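Trainee: Using the sequences and the hints given, assemble the complete structure.
Protein chains: 2
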Amino acid sequence: MSILIKNVFMDSVRKDILIRDGVISSIEDEISFETDRVLNGSGKAVVPSFVNAHTHSAMTLFRSYADDMHLNDWLENKIWPIEANLTEEDVYWGTRLACIEMIKSGTTHFNDMYWYYNGTARAVVDSGLYAHLSSAFIDLGDEATSNKQIAEQVDIFQQKEKYLPNITFTLGVHSLYTVSESGLLWARDFAKEHSLKIHMHLSETKKEVGEWIKSTGLRPVEYLASKNMLGPHLIAAHVNWVSDEEIQLLADHDVGVVHCPTSNMKLASGVFPFQRLKDAGLRIGLATDGAASNNNVDMLDEMKIAALLQKSFTGDPTKLSAEEVFYMGTEGSASLFDLNMGRIEVGKSADMLLVDLGNIHLIPNHHLIANLVYSAHSGCIDTTIARGKILMENGVVEGEEEVIEQFSQCVERLIKN
Amino acid sequence: MSILIKNVFMDSVRKDILIRDGVISSIEDEISFETDRVLNGSGKAVVPSFVNAHTHSAMTLFRSYADDMHLNDWLENKIWPIEANLTEEDVYWGTRLACIEMIKSGTTHFNDMYWYYNGTARAVVDSGLYAHLSSAFIDLGDEATSNKQIAEQVDIFQQKEKYLPNITFTLGVHSLYTVSESGLLWARDFAKEHSLKIHMHLSETKKEVGEWIKSTGLRPVEYLASKNMLGPHLIAAHVNWVSDEEIQLLADHDVGVVHCPTSNMKLASGVFPFQRLKDAGLRIGLATDGAASNNNVDMLDEMKIAALLQKSFTGDPTKLSAEEVFYMGTEGSASLFDLNMGRIEVGKSADMLLVDLGNIHLIPNHHLIANLVYSAHSGCIDTTIARGKILMENGVVEGEEEVIEQFSQCVERLIKN
Chain A
0 MSILIKNVFM DSVRKDILIR DGVISSIEDE ISFETDRVLN GSGKAVVPSF VNAHTHSAMT
60 LFRSYADDMH LNDWLENKIW PIEANLTEED VYWGTRLACI EMIKSGTTHF NDMYWYYNGT
120 ARAVVDSGLY AHLSSAFIDL GDEATSNKQI AEQVDIFQQK EKYLPNITFT LGVHSLYTVS
180 ESGLLWARDF AKEHSLKIHM HLSETKKEVG EWIKSTGLRP VEYLASKNML GPHLIAAHVN
240 WVSDEEIQLL ADHDVGVVHC PTSNMKLASG VFPFQRLKDA GLRIGLATDG AASNNNVDML
300 DEMKIAALLQ KSFTGDPTKL SAEEVFYMGT EGSASLFDLN MGRIEVGKSA DMLLVDLGNI
360 HLIPNHHLIA NLVYSAHSGC IDTTIARGKI LMENGVVEGE EEVIEQFSQC VERLIKN
Chain B
0 MSILIKNVFM DSVRKDILIR DGVISSIEDE ISFETDRVLN GSGKAVVPSF VNAHTHSAMT
60 LFRSYADDMH LNDWLENKIW PIEANLTEED VYWGTRLACI EMIKSGTTHF NDMYWYYNGT
120 ARAVVDSGLY AHLSSAFIDL GDEATSNKQI AEQVDIFQQK EKYLPNITFT LGVHSLYTVS
180 ESGLLWARDF AKEHSLKIHM HLSETKKEVG EWIKSTGLRP VEYLASKNML GPHLIAAHVN
240 WVSDEEIQLL ADHDVGVVHC PTSNMKLASG VFPFQRLKDA GLRIGLATDG AASNNNVDML
300 DEMKIAALLQ KSFTGDPTKL SAEEVFYMGT EGSASLFDLN MGRIEVGKSA DMLLVDLGNI
360 HLIPNHHLIA NLVYSAHSGC IDTTIARGKI LMENGVVEGE EEVIEQFSQC VERLIKN
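Respectively, the protein sequence lines represent chains A and B. In terms of numbering that gives the first Met the number 0, the first sequence has 75 at position 76, counting the first letter as 1, and numbering is strictly consecutive. In terms of numbering that gives the first Met the number 0, the second sequence has 381 at position 382, counting the first letter as 1, and numbering is strictly consecutive.
Keep in mind that the hints were calculated from the coordinates and are not lab data. No experiment lies behind these values; they were computed from the predicted model shown. For glycine and all other residues, C-beta sits at the position ideal for the given N, C-alpha and C. Be aware that a few hints might be false.
Pair ranges (Cβ atoms, derived) [what the hints assert, rightly or not]: (1) E404(A) - D72(B): 50 to 58 angstroms; (2) D72(A) - N364(B): 16 to 24 angstroms; (3) G398(A) - G314(B): 41 to 49 angstroms; (4) N71(A) - V22(B): 45 to 53 angstroms; (5) Q247(B) - S181(A): 55 to 63 angstroms; (6) G230(B) - T313(A): 34 to 42 angstroms; (7) Q247(B) - K226(A): 54 to 62 angstroms; (8) T86(A) - G357(B): 20 to 28 angstroms; (9) D72(B) - N6(A): 47 to 55 angstroms.
Mentor: In structure tokens:
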């Protein structure tokens, strides 16, 4: 498919943009070229789409199901009991709903970890989005569970061609405290053998880190280093409670880290040490986490909250500027997954948004990026393009009504159980 | 005007609501009554509209004009120089734009302090909104300026009937550190004589409080108490840096306090001590502050950020729950201005919103208030009603295009100067 976008603002200058085979092939003052589609960019600006670097997308099923609770109470008494009744169909429709929400709020690639891998994968494919996808590996130290989970991971891995090109299989090691040492080592070796990324939660809460030190004598990152698990293939979400020595280890091994500000604030898990991680040269992405602890999957919200958190927490309003946080949600996140996206540039993947400069939240247009970070909501996004395919135009995503209908039936059944 | 809303969800039950002469006159399972308008409430829920308890609405003119800066640098090098060129027409159109944004995001009453009172007042009237309005009194200790400002306040006060019922004249004492002692005492006496509210910034930054203690030997609230300026008529915005003794003084005199979480976080001014103020029994409202330091005037955004800030700052995820922060943005704020609004109840003012339960951000509907606080954006609001008058229907506010056009011309002229 080829698309020609006419007369769109790019860094305050009107340009024509030509998209061919999913890639930005030309950006000029004027382009004449026969294409499948021509989009009128007048009154709109083009910006890169977002990469949501850590989420559990099907958890839209539990949006606002339980809030304002302590993490353990929330998990043990609310989330886990209802998750016990989940089916693959629930996960499919929960993910479909999340995908529509992501398309509307400008995300075209995300990194997911949840149950029922195939449910999620089918939903991503059917939505036209792209994802790094992992099935949660949790054995709680039980050998039989561990073997079963390993078999499942291998099985999914062997079928990974099925969902190409939308899905990149990733090993989902839930966390240090939920996976046995033998499970961790298996994941390390399997990832190395097959050049896979590993997606895990790391040092999210102070409690978890304290208990880990107590039981192993090592801080979590030191432990991972001792097991040769650190590397550029590791995507570590949260990373709130890390010592300077741990940050140096993460940097030495070029680990990718993901900031989830809303989830961390809502669950009072801790504050991401942005400046220390940045100063160490780490690749940093931005993410919403799941809708159950956010309660949406909207990267525009996430950028604002990330910037506010760093300023407030450090007492320095110059910290995490609009440009820095916009970078984090686009190129920063993309860098964790080796994606050729995050900039509007010839040769880059055609993952982009057309934003409506006539939306009141973007008026006046003193500074578009600051407006997007601090003022916009997802209604400002008119068009979402993923790998050169239009997923939303004039704010409309095809099939939304059907998805809401099916999703609502799943929720009704889950709540009844 | 009379309105009948049919079949709308209220606390998960379908009701009919009758509005007559700006007041909710009946709520029943079914109402048959001849009215000027009938609204179909199917698929919608009714909730009270918001009261934005502290803003400088015309500052939409400077939205995203200067961000990520230290407060003094921002004011002295960016905001004040451009404000020096403002005209009454700029303020009129800046406020008109803010009013449309507020109507779209569910605010029907706000508390404003800015320059060119008449510009703001005309804009509020023309928008159909309601406001407590004050002209900023700043004399920086200069007697001639002080006399001029007092004359201006008296002049505006004498014409206050002109803008009834939309505008309630309020005395705008900018802050302790920008107004002379004689100016403060004049305001105290004038407010007492005419039963006026006083709107001021109080203890926003640590620096300002430190300097005040250094120059007077008293903490700001102690100073106000020593001058007999505390009382239920005082609306104090920010109130971040207060000792326990000061909180007790505020409570003893039933002062109304206003939380501006986004502005405080963005400028790194400090953290509002919500729990301490609540425990002391204070009336607490919620506000966006001006768009130049937010960068919107959206109370939905503000509720989420307020809840996240308290949880993160205290390390306790149960703090400032969805219900508490929704209360703060509705009844809490309303209580500061003696408004008969903030609840959907017979006899209350008909200030309300119809939210679209079909919007993806409100799906599933496990808990509407949590969805509104944590997930919604202003696009979820379908209808806004202020004092029984429909200001938005189907997401459309009349006259938006004209306002944007005129506003944009003002901005262009301001930037050129």
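Trainee: Report the numbers of all earlier hints that the structure fails to satisfy, in ascending order.
Mentor: 9
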